[in-house]
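Enquirer: If you read the sequences in order, they're chains Z and B.
Residue 162 in our numbering is what sits at position 162 of the first sequence, and the numbering runs on without skipping anything.
Numbers in our numbering are just positions in the second sequence, counted from 1, shifted up by 199.
Rather than coming from a laboratory, the hints here were simulated on the basis of the structure.
In this text, a Cβ means the ideal position worked out from N, Cα and C, and glycines have one as well.
Mixed in with the good hints, there may be bad ones.
Reference listing, derived: stretches of chain Z covered by chain B, where coverage requires no fewer than 3 residues with Cβ under 8 Å from a Cβ of chain B [unchecked claim]:
| no. | stretch |
| --- | --- |
| 1 | 24-30 |
| 2 | 34-48 |
| 3 | 132-143 |
Pairwise CB distance ranges (calculated) [said to hold, decoys possible]:
| no. | chain 1 | residue 1 | chain 2 | residue 2 | range |
| --- | --- | --- | --- | --- | --- |
| 4 | Z | D165 | B | L393 | 27 to 37 Å |
| 5 | Z | I75 | B | G510 | 24 to 34 Å |
| 6 | Z | W163 | B | Q742 | 58 to 68 Å |
To give an idea of the chain Z side of the interface with chain B (calculated C-beta under 10 Å), a few residues [claimed, not checked]:
| no. | residue |
| --- | --- |
| 7 | M18 |
| 8 | S19 |
| 9 | G21 |
| 10 | A51 |
| 11 | E128 |
The primary structure of each chain is shown beneath.
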Amino acid sequence: MTTHAATAQAAHLGEQGMSRGMFGMVLFIASEIMLFGGLFAGYFYMRNQAASWPPEGVHEVDPVTGGILTAILVISGLSAHMGVVGAKAGNQGLFIFGLAGALLLGTIFIGGQIYEWFLLMDHGLTAESGVYGSSFYVLTGFHGAHVIVGLAMLLVVFIRGFWRDFTPKRHLFVDASVLYWHFVDIVWVFLYAALYVLV
Amino acid sequence: MATGAIARPAHEAKEYTGLLAWLLTTDHKKIGIMYLIFTIIFFFTGGVLALLVRLQLAWSDAGILSQDQYNQFFTMHASTMLFLFVIPVGAGFANYLLPLMIGAKDMAYPRINALSLWLIPLAALVMFSSFFIEGGSAAAGWTEYPPLTNGTFMPGKGTDLWILGVQILGISSVGGAINFLVTTMTMRAPGMTLARMPIFVWMIVVTSVLVTFATPVLAGVLTMLFTDRNVGTSFFDPREGGNPILWQQLFWFYSHPAVYIMVLPAMGIISEVLPVFSRKPLFGYKAVIYAGAAIGVLGFTVWMHHMFATGLSAPLTIWTMFATMSIGVPTGVKMFNWLGTMWGGSISLKAPMLFAVGFLFMFLIGGIDGVYSAFVPVDYALNDTYWVVSHIHYVLFGGSVFGIFAGIFYWFPKMTGKFLNETLGKLQFWLMLIGMNLTFMPMHILGLKGMPRRIADYEAGLGWEYWNLVATIGAFTIGVSMMVFIANFFMSLKTAPKTAGDDPWEGNTLEWMISSPPPEQNFDTLPEINSERPAWDARMQRQGFAGRTQQHS
Numbered sequence: 001m002t003t004h005a006a007t008a009q010a011a012h013l014g015e016q017g018m019s020r021g022m023f024g025m026v027l028f029i030a031s032e033i034m035l036f037g038g039l040f041a042g043y044f045y046m047r048n049q050a051a052s053w054p055p056e057g058v059h060e061v062d063p064v065t066g067g068i069l070t071a072i073l074v075i076s077g078l079s080a081h082m083g084v085v086g087a088k089a090g091n092q093g094l095f096i097f098g099l100a101g102a103l104l105l106g107t108i109f110i111g112g113q114i115y116e117w118f119l120l121m122d123h124g125l126t127a128e129s130g131v132y133g134s135s136f137y138v139l140t141g142f143h144g145a146h147v148i149v150g151l152a153m154l155l156v157v158f159i160r161g162f163w164r165d166f167t168p169k170r171h172l173f174v175d176a177s178v179l180y181w182h183f184v185d186i187v188w189v190f191l192y193a194a195l196y197v198l199v
Numbered sequence: 200m201a202t203g204a205i206a207r208p209a210h211e212a213k214e215y216t217g218l219l220a221w222l223l224t225t226d227h228k229k230i231g232i233m234y235l236i237f238t239i240i241f242f243f244t245g246g247v248l249a250l251l252v253r254l255q256l257a258w259s260d261a262g263i264l265s266q267d268q269y270n271q272f273f274t275m276h277a278s279t280m281l282f283l284f285v286i287p288v289g290a291g292f293a294n295y296l297l298p299l300m301i302g303a304k305d306m307a308y309p310r311i312n313a314l315s316l317w318l319i320p321l322a323a324l325v326m327f328s329s330f331f332i333e334g335g336s337a338a339a340g341w342t343e344y345p346p347l348t349n350g351t352f353m354p355g356k357g358t359d360l361w362i363l364g365v366q367i368l369g370i371s372s373v374g375g376a377i378n379f380l381v382t383t384m385t386m387r388a389p390g391m392t393l394a395r396m397p398i399f400v401w402m403i404v405v406t407s408v409l410v411t412f413a414t415p416v417l418a419g420v421l422t423m424l425f426t427d428r429n430v431g432t433s434f435f436d437p438r439e440g441g442n443p444i445l446w447q448q449l450f451w452f453y454s455h456p457a458v459y460i461m462v463l464p465a466m467g468i469i470s471e472v473l474p475v476f477s478r479k480p481l482f483g484y485k486a487v488i489y490a491g492a493a494i495g496v497l498g499f500t501v502w503m504h505h506m507f508a509t510g511l512s513a514p515l516t517i518w519t520m521f522a523t524m525s526i527g528v529p530t531g532v533k534m535f536n537w538l539g540t541m542w543g544g545s546i547s548l549k550a551p552m553l554f555a556v557g558f559l560f561m562f563l564i565g566g567i568d569g570v571y572s573a574f575v576p577v578d579y580a581l582n583d584t585y586w587v588v589s590h591i592h593y594v595l596f597g598g599s600v601f602g603i604f605a606g607i608f609y610w611f612p613k614m615t616g617k618f619l620n621e622t623l624g625k626l627q628f629w630l631m632l633i634g635m636n637l638t639f640m641p642m643h644i645l646g647l648k649g650m651p652r653r654i655a656d657y658e659a660g661l662g663w664e665y666w667n668l669v670a671t672i673g674a675f676t677i678g679v680s681m682m683v684f685i686a687n688f689f690m691s692l693k694t695a696p697k698t699a700g701d702d703p704w705e706g707n708t709l710e711w712m713i714s715s716p717p718p719e720q721n722f723d724t725l726p727e728i729n730s731e732r733p734a735w736d737a738r739m740q741r742q743g744f745a746g747r748t749q750q751h752s
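Turn these sequences into a full structure, and let the hints guide you.
Expert: Structure follows, in structure tokens:
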């Protein structure tokens, strides 16, 4: 009987194109897309059955505030991408700069969203203000929780990178975390379109 | 690259002994066995609840349970069986078997695997703790339809604990599913092409895709219910612009694919058992895979057949009806594949085979009355009657549970080196088969006689007493069959000699080529894989036959 050494398995892995860690992250993001897909479906379901949208008498969210938040998060995504480029090229300065920028802007985004929530509550829009308020707070809240998870991942990347834990050949954790960050960005763009802009 | 931070191999972990070796393990075999033990304990817990429910319904005005207790027990019976038993038990088998069957040394992410396991008892604690708080457990049925589950009608915290428990189980399932998919796609041994993978692995792949894409939707809608109950949102409150039908849409978008999550692993198990005990290759290997994948895809399109009575628009209703019936086609293909496998084979009716054949008969009944109920006018008549309860039990008990016991009897020798007692196994099978037909066949009749489901009591003189008593006798017969299993399990584990050897059944798949139980690292050397039956090929070669399984590539 012909046998292969068990170590042949390791070599075999390279043939699959995508590394194991990255594949898992892609599947995780796919399941997250379904999570937001379900929430969006619920939102549009209620929106479609409403007589008017936004319903009579509720305080509307402000597309300008949302637009500023969108810009902050998109720039943070670009900054995180710079971090990946830095990690791939072994450029520690670019890596640190990119990651720090993404972390800072992400934190500002969360702060800005909390500030916006308080502002809207002052104007009388709460989670109890019918389906308009319900969907706004639950969707942005869900997304905010994902931003916080993404920030935690970027923070680990930053700390590990700061101690030079990544090399141009070995930076899977950077790639996977930043991919997740991009996902969080993109979901926000759709959320912005659906919740703030679409009339 | 592949040895990045997330995927550090398990064997770097420190060696522990005794109980700690189990509690802290990342070994897929130990994790798989613990999955099976936990889930079977939950199976018995759910079974006890079912017996109490049946006892209450045995006679009109039985007075054994209060209405509140009844509502809690039938709700927790279903929730336990679905979320704590039948879904994770498939992951348990997959944990133990999938890496062995594809020639891998462990799962892709061993530590996430351990996390998926330990979230299950945590979720069980959360869900069962609700029995001890004011207001008791969730009590609106496992489907938890609003407005019944809103804060006004269900003020107790039991529903919230139920939501939390199901959320935790969802995280466990998705973690497990991603793990299975990545393991299958990146860790197969050389020669183990996709078209040579055992059917069980294929069915786990399909199941995992369903879990990955359906479960998150449930997480979203559960959160909406939670905020409706606790934060004052109004997703399901029509007074504030919400709609309770939205719950049904999103809930069934998950829960219909979920029934395939519950049955596909069992279909995988019997697809391994039937060829071995018929001494023939599986008839139509690729057809079984395509049919399984088709069931998975179609499973995402038919959830609205649970909602015909809500007044969907006519085109949606008609479309859903035809899509539902079309699932009968790939299921029928599988049925013929299994029958074709047995046809002309030299069948040996050992316990695993008995359970697999039992699956075929019982699942057939469940499948036929499923297609029948998909007819919109039939559904209007039978909706929310005992007919539905009967259908789901023929599919999930007659299907999944028989498949699971086929798997337990088939792989117990691999896991322990010992056989389960054959005579007791056969006794259990016949008691189970008779018991389940006594329990669930009368429910068809009760459904046709108009008995609604989820009622704690019924008036005498409606023609329901006789069949209810029969059903209860059947349920206790199933209970006795489970006692036989428990006795068999402990006796065999304690007293049976280690006579199983590496390959007690002359199996087809890789796990039969290593010792029982398998060594820590599974494979020291990987065997040659030239077909979907590598163990058969090697046996033939050993016995001097040149023939090989016909290749599919």
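Enquirer: So, for every hint listed, does it hold in this structure?
Expert: Hint check results:
1. Check result for the stretch 24-30 of chain Z against chain B: holds, 4 residues qualifying (beta carbon to beta carbon below 8 Å, three or more required).
2. Three residues within the 8 Å Cβ limit are the bar, and the stretch 34-48 of chain Z against chain B gives 10, so the coverage statement holds.
3. Chain B is given as covering the stretch 132-143 of chain Z, and this holds because 7 residues of the stretch bring a CB closer than 8 Å to a CB of that chain, at least three being needed.
4. Distance hint check for Z:D165 and B:L393: the Cβ-Cβ separation is about 35 Å, which falls inside the suggested range of 27 to 37 Å.
5. At roughly 48 Å, the beta-carbon separation of Z:I75 and B:G510 lies outside the given 24 to 34 Å, and the hint is violated.
6. A beta carbon spacing of about 59 Å between Z:W163 and B:Q742 agrees with the range 58 to 68 Å that was offered as a hint.
7. At about 8 Å, the closest approach between the beta carbon of Z:M18 and any beta carbon in chain B falls short of 10 Å, and the interface hint on this residue holds.
8. The restraint placing Z:S19 at the interface with chain B holds, with a minimum CB-CB distance near 5 Å, inside the 10 Å limit.
9. Checking Z:G21 against chain B: minimum C-beta separation of about 4 Å stays under 10 Å; hint holds.
10. A cut of 10 Å between beta carbons decides the hint on Z:A51: the least distance to chain B is about 9 Å, and the hint holds.
11. At about 4 Å, the closest approach between the beta carbon of Z:E128 and any beta carbon in chain B falls short of 10 Å, and the interface hint on this residue holds.
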